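Respectively, the protein sequence lines represent chains A and B. To convert, note that position 391 of the first sequence is 391 in this note's numbering; the numbers rise steadily by one, no gaps. To convert, note that position 118 of the second sequence is 118 in this note's numbering; the numbers rise steadily by one, no gaps.
If you are wondering where the hints come from, they were derived from the structure by calculation, not from laboratory data. Be aware that one or more of the hints could be misleading.
Remember, identical chains collapse to one label, so a pair may be satisfied in a single copy or spanning two.
Below, computed lysine to any residue pairings styled on SDA-like, alpha-carbon distance capped at 25 Å [as the list claims (entries may be wrong)]:
1. Lys78 <-> His264
2. Lys115 <-> Ala259
3. Lys78 <-> Ala259
4. Lys363 <-> Ser439
5. Lys160 <-> Ser262
6. Lys363 <-> Asp205
7. Lys78 <-> Thr249
8. Lys78 <-> Arg269
9. Lys78 <-> Ala268
10. Lys115 <-> Gln303
11. Lys160 <-> Arg261
12. Lys78 <-> Thr305
13. Lys115 <-> Ala9
14. Lys160 <-> Arg263
Treat the numbers as computed from the prediction; the structure is a model and nothing was measured.
Number of protein chains: 2
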Amino acid sequence: MTTETVLRARHDLSLPGRLAKSAAITGAGAVMATAEFTGWLAERAAANSFRVDRVPLSELDAWSADPATGNLGHRSGKFFTVEGLHVVTGEGPFPEWQQPIINQPEVGILGLLVKEIDGVLHFLMQAKMEPGNPNLVQLSPTVQATRSNYTKAHKGAAVKYLDYFTEPRRATVLLDVLQSEHGAWFFRKFNRNIIVETQDEVVPDDEFCWLTLGQIGELLRLDNVVNMDARTILACAPMPYDEAGALRTDADLRSWYAAERSRHSVQARRIPLSSVDGWAAADDGSIVHERDWYFRVMGVRVQATNREVAAWTQPLFEPRAMGLAAFLVRRFGRVPHLLAHARIEGGFLDAIELGPTVQYTPKYYEHLSGSQRPPFLDLVATADPARIRYDVVHSEEGGRFLNAEGRYLIVEADEATAPADPPPGYHWFTPGQLNTLVSHGRYVNVQARTLLAALNTYAVEL
Amino acid sequence: MTTETVLRARHDLSLPGRLAKSAAITGAGAVMATAEFTGWLAERAAANSFRVDRVPLSELDAWSADPATGNLGHRSGKFFTVEGLHVVTGEGPFPEWQQPIINQPEVGILGLLVKEIDGVLHFLMQAKMEPGNPNLVQLSPTVQATRSNYTKAHKGAAVKYLDYFTEPRRATVLLDVLQSEHGAWFFRKFNRNIIVETQDEVVPDDEFCWLTLGQIGELLRLDNVVNMDARTILACAPMPYDEAGALRTDADLRSWYAAERSRHSVQARRIPLSSVDGWAAADDGSIVHERDWYFRVMGVRVQATNREVAAWTQPLFEPRAMGLAAFLVRRFGRVPHLLAHARIEGGFLDAIELGPTVQYTPKYYEHLSGSQRPPFLDLVATADPARIRYDVVHSEEGGRFLNAEGRYLIVEADEATAPADPPPGYHWFTPGQLNTLVSHGRYVNVQARTLLAALNTYAVEL
Numbered sequence: 001m002t003t004e005t006v007l008r009a010r011h012d013l014s015l016p017g018r019l020a021k022s023a024a025i026t027g028a029g030a031v032m033a034t035a036e037f038t039g040w041l042a043e044r045a046a047a048n049s050f051r052v053d054r055v056p057l058s059e060l061d062a063w064s065a066d067p068a069t070g071n072l073g074h075r076s077g078k079f080f081t082v083e084g085l086h087v088v089t090g091e092g093p094f095p096e097w098q099q100p101i102i103n104q105p106e107v108g109i110l111g112l113l114v115k116e117i118d119g120v121l122h123f124l125m126q127a128k129m130e131p132g133n134p135n136l137v138q139l140s141p142t143v144q145a146t147r148s149n150y151t152k153a154h155k156g157a158a159v160k161y162l163d164y165f166t167e168p169r170r171a172t173v174l175l176d177v178l179q180s181e182h183g184a185w186f187f188r189k190f191n192r193n194i195i196v197e198t199q200d201e202v203v204p205d206d207e208f209c210w211l212t213l214g215q216i217g218e219l220l221r222l223d224n225v226v227n228m229d230a231r232t233i234l235a236c237a238p239m240p241y242d243e244a245g246a247l248r249t250d251a252d253l254r255s256w257y258a259a260e261r262s263r264h265s266v267q268a269r270r271i272p273l274s275s276v277d278g279w280a281a282a283d284d285g286s287i288v289h290e291r292d293w294y295f296r297v298m299g300v301r302v303q304a305t306n307r308e309v310a311a312w313t314q315p316l317f318e319p320r321a322m323g324l325a326a327f328l329v330r331r332f333g334r335v336p337h338l339l340a341h342a343r344i345e346g347g348f349l350d351a352i353e354l355g356p357t358v359q360y361t362p363k364y365y366e367h368l369s370g371s372q373r374p375p376f377l378d379l380v381a382t383a384d385p386a387r388i389r390y391d392v393v394h395s396e397e398g399g400r401f402l403n404a405e406g407r408y409l410i411v412e413a414d415e416a417t418a419p420a421d422p423p424p425g426y427h428w429f430t431p432g433q434l435n436t437l438v439s440h441g442r443y444v445n446v447q448a449r450t451l452l453a454a455l456n457t458y459a460v461e462l
Numbered sequence: 001m002t003t004e005t006v007l008r009a010r011h012d013l014s015l016p017g018r019l020a021k022s023a024a025i026t027g028a029g030a031v032m033a034t035a036e037f038t039g040w041l042a043e044r045a046a047a048n049s050f051r052v053d054r055v056p057l058s059e060l061d062a063w064s065a066d067p068a069t070g071n072l073g074h075r076s077g078k079f080f081t082v083e084g085l086h087v088v089t090g091e092g093p094f095p096e097w098q099q100p101i102i103n104q105p106e107v108g109i110l111g112l113l114v115k116e117i118d119g120v121l122h123f124l125m126q127a128k129m130e131p132g133n134p135n136l137v138q139l140s141p142t143v144q145a146t147r148s149n150y151t152k153a154h155k156g157a158a159v160k161y162l163d164y165f166t167e168p169r170r171a172t173v174l175l176d177v178l179q180s181e182h183g184a185w186f187f188r189k190f191n192r193n194i195i196v197e198t199q200d201e202v203v204p205d206d207e208f209c210w211l212t213l214g215q216i217g218e219l220l221r222l223d224n225v226v227n228m229d230a231r232t233i234l235a236c237a238p239m240p241y242d243e244a245g246a247l248r249t250d251a252d253l254r255s256w257y258a259a260e261r262s263r264h265s266v267q268a269r270r271i272p273l274s275s276v277d278g279w280a281a282a283d284d285g286s287i288v289h290e291r292d293w294y295f296r297v298m299g300v301r302v303q304a305t306n307r308e309v310a311a312w313t314q315p316l317f318e319p320r321a322m323g324l325a326a327f328l329v330r331r332f333g334r335v336p337h338l339l340a341h342a343r344i345e346g347g348f349l350d351a352i353e354l355g356p357t358v359q360y361t362p363k364y365y366e367h368l369s370g371s372q373r374p375p376f377l378d379l380v381a382t383a384d385p386a387r388i389r390y391d392v393v394h395s396e397e398g399g400r401f402l403n404a405e406g407r408y409l410i411v412e413a414d415e416a417t418a419p420a421d422p423p424p425g426y427h428w429f430t431p432g433q434l435n436t437l438v439s440h441g442r443y444v445n446v447q448a449r450t451l452l453a454a455l456n457t458y459a460v461e462l
């Protein structure tokens with residue numbers, strides 16, 4: 001039997017326009033007004049009881065330190081381990097260091113289900129509790145699941161809406177890209193960032209709501225509302241940036257990136273947690289740096305009524321100071337350009353990715369002066385409010401990090417402060433050029449993606 | 001002082017057409033007829049004297065085995081080392097193994113200089129001797145240099161035309177992409193694959209000649225003429241594939257790739273060469289597998305009159321049997337599609353890349369039967385000649401591998417032998433879809449790239 005093969009178009013050419021249409025809708029979508037959202041989120045938080053208590057690492061259930069290495073692991077062998085990392089870069093103010101690191105080799109799914117309602121794409125968002133969120137409940141993607149999660153290593157309830165992302169042909173894939181997460185805290189971790197579109201009637205469960213891209217943009221102007229998992233997916237959405245041109249061709253920028261990669265030599269080697277230099281167990285049962293810098297590795301006991309399992313314990317990383325991540329922006333020939341930094345992070349799979357212009361925890365650079373100070377840090381930290389186009393506090397993945405808040409900014413610069421011909425390691429990209437790159441994995445780091453999500457959703461317009 | 005910023009178009013939209021125009025020119029370019037080429041190459045080989053002698057590893061100059069690990073290294077600490085690798089995949093007929101591996105963390109440059117001559121893009125190709133080439137001299141890119149090479153670790157002569165690739169703005173970058181090399185022999189190695197275009201008058205040195213893409217395609221129909229370094233760059237050229245559609249959207253295929261990546265768990269760990277299980281020193285001073293399978297690690301002494309240094313010794317890997325790499329091709333809706341395989345190789349940076357449908361050294365699978373036999377291997381190995389569209393022997397990088405020949409094929413299949421809905425791990429891509437993917441690094445492996453080079457240069461038309 002021979003059947004006629006139906007060829008498809010390689011690309012859904014309507015997609016960028018449909019996304020832009022959704023991003024332009026603010027105030028109210030087909031289902032909920034943005035003004036109602038805060039009340040809805042509070043209601044969802046109130047509908048369930050959550051409790052997070054600190055416990056010594058030694059008192060975690062099902063987690064224990066390996067006698068030989070001190071590495072923390074779950075008895076199932078799944079989820080993640082906390083190990084040590086030794087990094088040698090040979091450059092900058094910190095050319096070599098050791099630290100604890102989260103090793104999570106499984107590839108998880110961060111998935112957004114979208115659907116046209118009244119002709120406008122709506123995104124199925126979830127009010128989700130994560131123990132590390134400063135406010136516990138934030139707005140998450142439809143699905144946020146480690147492989148252990150969705151293969152049921154914890155023997156809990158099924159992940160809702162998961163089959164839209166795991167069963168081919170259940171929905172139309174709009175994007176699916178492997179993206180890294182925090183290279184300072186994770187060893188070569190990445191997740192699939194997925195958006196799929198359905199034609200099904202989907203009745204949102206209690207914790208879920210349909211929002212337009214523009215409504216999500218409104219929420220991205222608020223502190224600690226849209227979680228990291230949602231932000232990173234939104235950053236990958238192929239938006240139609242209407243730009244007359246760019247300072248450099250895409251080929252030039254790709255070449256600069258390849259040259260940046262080749263000029264750095266980074267060695268990152270996992271070592272036993274118990275041998276990490278400068279870190280030790282503290283009286284409260286956590287693992288801390290000798291100056292109490294960077295983060296603590298600590299334990300929590302979590303009780304919740306609406307998660308796949310009702311109670312559990314786990315380690316978390318708790319940063320000791322607030323981070324700062326900022327893009328400088330300039331207009332060249334009236335087209336906005338963002339200054340990207342080819343950054344080394346010890347946990348990157350391949351040495352560098354593009355980050356924002358500035359990405360530091362300022363506290364750990366206070367003792368440095370002159371040429372040792374990171375470029376542009378002071379410019380951002382002391383920026384005239386009139387130059388600040390975006391300034392919002394977001395927190396990082398609350399399933400691994402406790403109160404990991406960072407201040408995200410977009411700051412106007414000029415030729416005197418950020419020249420068109422920038423210093424080595426930096427280059428100007430239009431938002432459209434970064435949008436093209438981020439459709440592939442491992443070019444753009446998670447902090448830069450948070451800022452790109454603000455652009456994609458029109459939370460800020462340059 | 002304010003100057004008007006001149007924006008550029010992000011892409012050279014004329015490039016695919018200009019490449020296609022060059023690919024269509026066969027028989028003679030502006031400088032040399034293809035018929036003259038073989039004579040020219042022989043002349044270049046005769047103009048210089050080369051001599052390659054086998055020597056025991058222990059008699060290499062400047063190379064020695066580390067007393068603690070047995071790892072082979074150069075006294076400068078540069079070039080590469082030969083170490084051990086322990087790989088665990090937990091799947092297939094070989095779920096775990098150890099082997100020697102080349103560790104070359106430096107990122108080298110494989111560069112092609114192109115120029116429009118009489119309105120047609122010509123490629124500056126080089127007749128280059130590499131000690132491992134079965135015929136010593138093959139056609140290479142303009143520049144082929146490790147970072148040690150071009151930063152002069154060997155204190156030799158400068159690499160010709162190098163500055164076109166290392167000095168920004170010396171030429172126009174057409175592409176620059178980090179691509180992996182053989183994951184079975186290299187630990188996470190990759191090189192920059194670069195094409196730059198110049199407007200300069202370039203007088204080719206004795207070893208260099210200008211050829212059109214079509215002429216290179218003619219040479220890609222010959223055994224052992226166009227070297228691997230040239231092939232991998234040519235594979236990345238953005239050709240205009242005129243296809244009415246595809247079986248699957250690009251987003252579907254990217255999603256399939258991400259799902260393939262996430263379902264495999266590969267652990268690859270470097271170990272001391274002296275501890276590699278099943279490998280040992282042989283009487284001739286090489287390192288061999290207990291069954292004399294796979295490859296030998298052996299030494300050569302090289303004498304040459306036209307290389308950056310006149311004489312040197314080095315280790316090489318010498319495969320013990322010929323490899324086979326083949327794409328199956330089918331037409332769906334009259335559009336050709338190639339069956340790609342998401343392959344695990346122990347030396348890949350990130351577990352998998354897309355390879356040809358079949359990529360094996362058949363000898364090492366002879367003992368396997370039934371479901372243990374790799375899919376499609378027998379189909380390719382016993383293909384009716386009438387179904388074979390391409391069948392050429394190419395050799396791999398002669399700077400690291402001795403007589404590493406592989407037979408490269410493209411073979412027609414049908415629904416009975418290769419269904420439209422293929423087995424797990426396989427998917428159908430149009431050449432245009434693979435061409436889009438290969439413009440980014442680490443999606444498409446080096447064997448698949450050799451076959452894509454044959455398509456890009458019209459060595460074979462499907």
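Exercise. Provide an ascending list of the numbers of those earlier hints which the structure does not satisfy.
Key: 4, 6, 7, 10
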